[in-house]
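There are 2 protein chains.
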Amino acid sequence: MALKAQVLYDFTAEPGNNELTVKEGETITVTNKSIGGGWIEAQNSRGEVGLVPEDYIEFKNEFPAFPAASTAPPSNAGNAAYPDLSVFDAFAPVSTPAQNQASNGNDPWSAWNADPSGGTNNNWASNPEGTQTGKSAPDPWGNVSQGHPQAYQGPAAEDDEWDDEWDEMKSSAGYAESESGEAGGIQRGGMHASSMKISLNKFPGFSKSGPELYLLCKQIAKGKDKLSIYVGEVGPVWSYPETQIDCIVADPKKGSKMYGLKSYIEYQITPNTTNRPVNHRYKHFDWLYERLLDKFGSAIPIPSLPDKQVTGRFEEEFIKMRMERLQGWMSRMCRHPVISGSDVFQLFLTYKDEKDWKTGKRKAEKDETVGVMIFTTIEPEAADLDPLEVEQKCEQFSKFTKAMDDSVKEILTVGNEHWKRCTGPLPKEYQRIGKALQNLSTVFTSSGYQGESTLTDALTAAGKTYEEIAQLVAEQPKKDLHFLMETNNEYKGLLGCFPDTIGVHKAAIDKVKEGDKLVAANKITTQDKVAMSKRLSTMSYTLQAEMNHFHSNRIYDYNRVMQQYLEEQVKFYETIAAKLRQAHGQFTTM
Amino acid sequence: MALKAQVLYDFTAEPGNNELTVKEGETITVTNKSIGGGWIEAQNSRGEVGLVPEDYIEFKNEFPAFPAASTAPPSNAGNAAYPDLSVFDAFAPVSTPAQNQASNGNDPWSAWNADPSGGTNNNWASNPEGTQTGKSAPDPWGNVSQGHPQAYQGPAAEDDEWDDEWDEMKSSAGYAESESGEAGGIQRGGMHASSMKISLNKFPGFSKSGPELYLLCKQIAKGKDKLSIYVGEVGPVWSYPETQIDCIVADPKKGSKMYGLKSYIEYQITPNTTNRPVNHRYKHFDWLYERLLDKFGSAIPIPSLPDKQVTGRFEEEFIKMRMERLQGWMSRMCRHPVISGSDVFQLFLTYKDEKDWKTGKRKAEKDETVGVMIFTTIEPEAADLDPLEVEQKCEQFSKFTKAMDDSVKEILTVGNEHWKRCTGPLPKEYQRIGKALQNLSTVFTSSGYQGESTLTDALTAAGKTYEEIAQLVAEQPKKDLHFLMETNNEYKGLLGCFPDTIGVHKAAIDKVKEGDKLVAANKITTQDKVAMSKRLSTMSYTLQAEMNHFHSNRIYDYNRVMQQYLEEQVKFYETIAAKLRQAHGQFTTM
Numbered sequence: 001m002a003l004k005a006q007v008l009y010d011f012t013a014e015p016g017n018n019e020l021t022v023k024e025g026e027t028i029t030v031t032n033k034s035i036g037g038g039w040i041e042a043q044n045s046r047g048e049v050g051l052v053p054e055d056y057i058e059f060k061n062e063f064p065a066f067p068a069a070s071t072a073p074p075s076n077a078g079n080a081a082y083p084d085l086s087v088f089d090a091f092a093p094v095s096t097p098a099q100n101q102a103s104n105g106n107d108p109w110s111a112w113n114a115d116p117s118g119g120t121n122n123n124w125a126s127n128p129e130g131t132q133t134g135k136s137a138p139d140p141w142g143n144v145s146q147g148h149p150q151a152y153q154g155p156a157a158e159d160d161e162w163d164d165e166w167d168e169m170k171s172s173a174g175y176a177e178s179e180s181g182e183a184g185g186i187q188r189g190g191m192h193a194s195s196m197k198i199s200l201n202k203f204p205g206f207s208k209s210g211p212e213l214y215l216l217c218k219q220i221a222k223g224k225d226k227l228s229i230y231v232g233e234v235g236p237v238w239s240y241p242e243t244q245i246d247c248i249v250a251d252p253k254k255g256s257k258m259y260g261l262k263s264y265i266e267y268q269i270t271p272n273t274t275n276r277p278v279n280h281r282y283k284h285f286d287w288l289y290e291r292l293l294d295k296f297g298s299a300i301p302i303p304s305l306p307d308k309q310v311t312g313r314f315e316e317e318f319i320k321m322r323m324e325r326l327q328g329w330m331s332r333m334c335r336h337p338v339i340s341g342s343d344v345f346q347l348f349l350t351y352k353d354e355k356d357w358k359t360g361k362r363k364a365e366k367d368e369t370v371g372v373m374i375f376t377t378i379e380p381e382a383a384d385l386d387p388l389e390v391e392q393k394c395e396q397f398s399k400f401t402k403a404m405d406d407s408v409k410e411i412l413t414v415g416n417e418h419w420k421r422c423t424g425p426l427p428k429e430y431q432r433i434g435k436a437l438q439n440l441s442t443v444f445t446s447s448g449y450q451g452e453s454t455l456t457d458a459l460t461a462a463g464k465t466y467e468e469i470a471q472l473v474a475e476q477p478k479k480d481l482h483f484l485m486e487t488n489n490e491y492k493g494l495l496g497c498f499p500d501t502i503g504v505h506k507a508a509i510d511k512v513k514e515g516d517k518l519v520a521a522n523k524i525t526t527q528d529k530v531a532m533s534k535r536l537s538t539m540s541y542t543l544q545a546e547m548n549h550f551h552s553n554r555i556y557d558y559n560r561v562m563q564q565y566l567e568e569q570v571k572f573y574e575t576i577a578a579k580l581r582q583a584h585g586q587f588t589t590m
Numbered sequence: 001m002a003l004k005a006q007v008l009y010d011f012t013a014e015p016g017n018n019e020l021t022v023k024e025g026e027t028i029t030v031t032n033k034s035i036g037g038g039w040i041e042a043q044n045s046r047g048e049v050g051l052v053p054e055d056y057i058e059f060k061n062e063f064p065a066f067p068a069a070s071t072a073p074p075s076n077a078g079n080a081a082y083p084d085l086s087v088f089d090a091f092a093p094v095s096t097p098a099q100n101q102a103s104n105g106n107d108p109w110s111a112w113n114a115d116p117s118g119g120t121n122n123n124w125a126s127n128p129e130g131t132q133t134g135k136s137a138p139d140p141w142g143n144v145s146q147g148h149p150q151a152y153q154g155p156a157a158e159d160d161e162w163d164d165e166w167d168e169m170k171s172s173a174g175y176a177e178s179e180s181g182e183a184g185g186i187q188r189g190g191m192h193a194s195s196m197k198i199s200l201n202k203f204p205g206f207s208k209s210g211p212e213l214y215l216l217c218k219q220i221a222k223g224k225d226k227l228s229i230y231v232g233e234v235g236p237v238w239s240y241p242e243t244q245i246d247c248i249v250a251d252p253k254k255g256s257k258m259y260g261l262k263s264y265i266e267y268q269i270t271p272n273t274t275n276r277p278v279n280h281r282y283k284h285f286d287w288l289y290e291r292l293l294d295k296f297g298s299a300i301p302i303p304s305l306p307d308k309q310v311t312g313r314f315e316e317e318f319i320k321m322r323m324e325r326l327q328g329w330m331s332r333m334c335r336h337p338v339i340s341g342s343d344v345f346q347l348f349l350t351y352k353d354e355k356d357w358k359t360g361k362r363k364a365e366k367d368e369t370v371g372v373m374i375f376t377t378i379e380p381e382a383a384d385l386d387p388l389e390v391e392q393k394c395e396q397f398s399k400f401t402k403a404m405d406d407s408v409k410e411i412l413t414v415g416n417e418h419w420k421r422c423t424g425p426l427p428k429e430y431q432r433i434g435k436a437l438q439n440l441s442t443v444f445t446s447s448g449y450q451g452e453s454t455l456t457d458a459l460t461a462a463g464k465t466y467e468e469i470a471q472l473v474a475e476q477p478k479k480d481l482h483f484l485m486e487t488n489n490e491y492k493g494l495l496g497c498f499p500d501t502i503g504v505h506k507a508a509i510d511k512v513k514e515g516d517k518l519v520a521a522n523k524i525t526t527q528d529k530v531a532m533s534k535r536l537s538t539m540s541y542t543l544q545a546e547m548n549h550f551h552s553n554r555i556y557d558y559n560r561v562m563q564q565y566l567e568e569q570v571k572f573y574e575t576i577a578a579k580l581r582q583a584h585g586q587f588t589t590m
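Protein chains in written order, with full-length UniProt numbering: chain A, 1 to 590; chain B, 1 to 590.
Please keep in mind that the hints were generated in silico from the structure rather than gathered at the bench.
Check before you lean on any hint, since a few could be wrong.
When chains are identical, the list treats them as one kind, so a pair holds in a single copy or across two.
Said to hold, decoys possible - Keeping only pairs whose Cα atoms sit at most 30 Å apart, straight-line, the calculated BS3-like set for lysine-lysine is:
1) Lys571 x Lys464
2) Lys479 x Lys435
3) Lys60 x Lys320
4) Lys435 x Lys409
5) Lys393 x Lys435
6) Lys428 x Lys479
7) Lys464 x Lys428
8) Lys23 x Lys428
With these hints in hand, go ahead and build the complete structure from the sequences.
Spelled out as structure tokens, the structure:
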């Protein structure tokens with residue numbers, strides 16, 4: 001049966017790019033799902049065929065991403081005989097075909113698609129209480145009062161189970177987001193810059209005048225492990241650990257609960273420090289992200305988790321891709337001296353058992369050195385900075401990150417088009433060339449003329465060679481362009497976080513500028529003013545250290561990815577040349 | 001000033017091929033004339049840009065192809081002060097801009113464009129008298145009676161001049177065709193199979209029952225150089241000369257006459273036999289073609305002259321292309337043992353002086369062994385053939401040539417599309433990739449971070465490399481695809497001639513089948529019947545010899561062109577690989 005899809009947003013084809021213009025609500029027939037690069041080939045009602053962005057459409061009658069889920073008979077949907085099942089259906093990561101039909105595309109999927117800000121992190125934004133205080137852990141007993149069936153498992157429930165109820169207490173929308181991400185993430189065009197989800201009034205007592213919380217706080221909290229900043233060749237730098245932490249994300253395993261009604265993927269993370277693997281679900285990564293964002297977001301851009309950027313809707317491909325991106329995210333976190341050294345990150349990588357994990361979670365969620373207060377833990381070795389220099393530096397970083405963001409997006413756009421051409425029209429053309437040569441060979445064979453075979457064999461071989469080239473061309477993007485795109489996608493995400501981080505600094509600069517006025521108005525004392533610019537200078541050292549960290553990583557990453565890309569490109573062209581040389585050898589004018 | 005063009009025929013763009021749909025009469029702006037392959041890039045009134053076949057449009061305000069022609073002041077058009085000039089204007093190969101404007105696109109060009117059957121040879125079809133008898137040479141004095149000004153030059157006129165009047169006596173349409181071909185031939189899509197212009201009632205006394213002229217002729221004309229057919233390994237073959245004739249067509253020179261009002265291109269043809277160059281204008285090639293067609297057309301397919309297949313409307317390119325194709329045509333004629341040995345062909349290659357040429361022309365035009373009568377000169381060494389075998393052979397050849405014709409057209413279509421992609425979207429894309437990398441490099445340079453330069457230099461180099469690749473891609477088709485297309489174009493033309501030749505044989509076969517009936521009806525004697533099938537068998541030997549000649553040439557030609565094509569393709573991919581390897585070397589993760 002032809003796979004139908006519904007168009008979610010208008011999409012206008014770019015001329016000459018083999019794209020198909022579609023209108024919201026239109027139904028199209030998917031003719032090729034495995035184009036890759038976030039594109040599918042589809043045919044509209046007028047029979048026109050072309051490429052459409054995967055994230056602009058919604059598949060109809062799609063089978064659930066989780067076979068496990070499909071074990072629930074379709075007839076269960078809203079079937080009174082199974083009251084509790086239907087309760088879970090409302091939260092089920094993927095609904096069964098029957099439900100899809102019933103909901104006429106109003107299932108959680110489309111809701112998720114339609115949400116442009118998208119991504120797991122939103123459920124936090126949507127219930128700030130979750131982060132207002134570090135105490136978002138609900139009282140399990142609360143579940144009973146809400147009569148949630150699962151509550152009857154009581155305290156015996158293992159931590160994950162218990163997490164689930166807690167999640168399920170959230171708005172189903174928020175839930176749908178977080179789980180649908182895990183169930184079959186949709187490529188979000190990869191073109192929207194993701195950004196950190198911090199907002200100036202998201203932190204404890206953090207208001208528009210947020211930075212003053214730190215700038216004016218009476219005493220720097222004690223007994224914290226301090227974060228030192230040294231002045232190196234390139235300027236202020238973080239103090240890097242002796243041994244670079246890294247970890248391997250691997251071996252995704254499917255787990256299921258509630259009699260197979262809910263399933264999830266568990267990844268195995270093995271740090272090079274302990275070499276002892278720990279298991280985490282996507283939602284645990286998400287929890288880690290939130291902690292890091294709260295704690296370091298004002299000083300260090302924390303890239304969003306891979307989620308909306310995931311390509312491919314089919315489990316195998318999806319899990320592989322997500323794992324690859326979680327690996328990339330974890331490696332980046334490991335490479336950061338401050339993050340990799342933090343308690344919460346260490347907990348994530350090295351917790352001994354469920355109890356250890358649970359306690360650590362509690363502790364992390366109670367941590368009050370979050371938001372701008374992180375600066376209280378920073379100790380620059382160098383002298384104070386001139387506020388003017390501080391401002392200039394801040395401006396420079398702001399300009400650079402913006403410019404790089406634009407440039408990275410340009411590469412992604414061009415790469416995306418190249419991907420389409422290499423997987424669409426180009427191989428088709430080589431195939432047709434190959435076929436034409438083989439057809440000619442067939443005709444020649446019918447000539448009945450002597451000594452025909454040398455030519456016809458050679459022609460057939462040449463034709464087959466061009467069919468092989470078609471294959472090579474179509475497969476190449478996955479071998480090289482893929483990594484170039486992934487790296488730039490990662491940087492797009494990272495760069496999207498800088499405005500928030502830099503915003504905190506700009507707010508602090510403005511506050512310090514008001515210093516004299518505030519003194520005159522007796523709002524602050526002269527000591528306060530001195531303290532403020534001293535602390536602003538600490539913030540600037542932090543930003544500079546962070547930028548230098550960013551630059552050194554960037555230089556390494558782009559050298560590596562370009563090497564990788566060009567190496568594969570060379571192999572690609574050499575392979576083709578070799579194949580053609582072989583084909584050439586078969587012809588003879590002797 | 002933007003070059004405007006008028007659309008002559010509706011053209012519907014093929015989706016995904018970067019083509020532009022245009023309607024007859026529409027005016028478009030040409031944005032790129034040098035696409036090649038018979039295509040131009042144009043923009044329509046709605047601002048859409050795409051490729052349009054060159055032969056579907058007519059350029060406006062185009063400069064005359066011949067600078068010489070433009071020496072006639074535009075104001076001359078229809079200027080009463082220059083009556084004779086305006087007379088010639090009507091016949092002028094190219095009209096001046098002023099004339100184009102005056103005629104609002106109704107100049108000879110568009111008339112010529114609009115003629116689908118096209119080509120120089122048509123003017124013969126349009127006045128059969130020209131060929132009814134071999135005596136198409138007009139009486140020069142006739143010109144006087146028609147009061148043609150040039151006639152007053154009388155007999156003193158050099159032969160070429162005199163030729164012109166003779167030409168000009170034809171319908172101006174016919175004239176426009178034959179000269180416009182010489183002036184700036186238009187690519188006729190290269191996709192219509194050209195065919196010989198013989199028709200069954202084109203030869204002396206040749207009617208629907210044409211072959212009987214030979215089948216029943218009372219006596220085989222004497223004193224002719226006989227054409228022998230031997231039976232070789234592959235079957236009946238022509239007797240080939242000891243030394244293969246060949247010639248070089250080179251050194252096109254512009255000549256002009258009538259005070260520079262009319263100019264022409266003269267080519268130098270040097271046969272390897274005499275090594276003495278002779279000069280010929282296109283019209284002389286055309287004359288030769290007509291002679292060969294009349295004399296050998298029933299037995300040997302005579303490919304049309306390169307004319308309608310010429311690509312490119314600009315003099316330099318056009319002359320180069322026509323010379324290349326005249327060379328191809330001449331080489332093919334030289335390779336044919338019967339044609340290369342014929343008096344008329346020898347005359348063309350080796351005439352000593354104008355007088356010699358003139359006499360030879362007269363003689364050739366008086367030759368009466370034309371049409372089916374050519375078979376009277378053929379002597380097969382072998383025994384007579386069973387009529388059934390004759391018919392089967394004929395069927396087989398008919399099938400094969402039809403099948404090859406289809407296959408060759410498929411290659412031309414695919415090649416044409418490939419040409420477009422390689423000269424259009426593909427290089428644009430590589431260019432954009434190159435630019436994107438260089439832009440990123442520029443941004444990085446602005447980071448102010450130490451040790452940036454290694455990466456930025458490498459990125460810039462990589463970017464430039466992709467711009468070079470864009471260039472290579474765009475130029476490649478001229479280096480390899482061009483020859484593949486030319487060879488197949490030539491074969492398309494040749495194959496288009498077989499139906500006529502084979503038709504003559506089929507008519508003969510039918511006639512012989514009627515043998516008994518005719519005897520019974522006392523229309524022919526029993527000896528006649530015997531003679532008929534004897535002569536049919538001679539015709540069959542001829543056809544088989546011709547097919548074997550065709551096969552051996554075909555095998556050689558396709559081996560050669562495929563070798564050439566693949567060799568260039570290998571070079572192409574190796575060059576790219578080498579460039580990329582160099583770019584790769586500049587990145588470092590040390």
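Of all the hints given earlier, name the ones this structure violates by number, lowest first.
none
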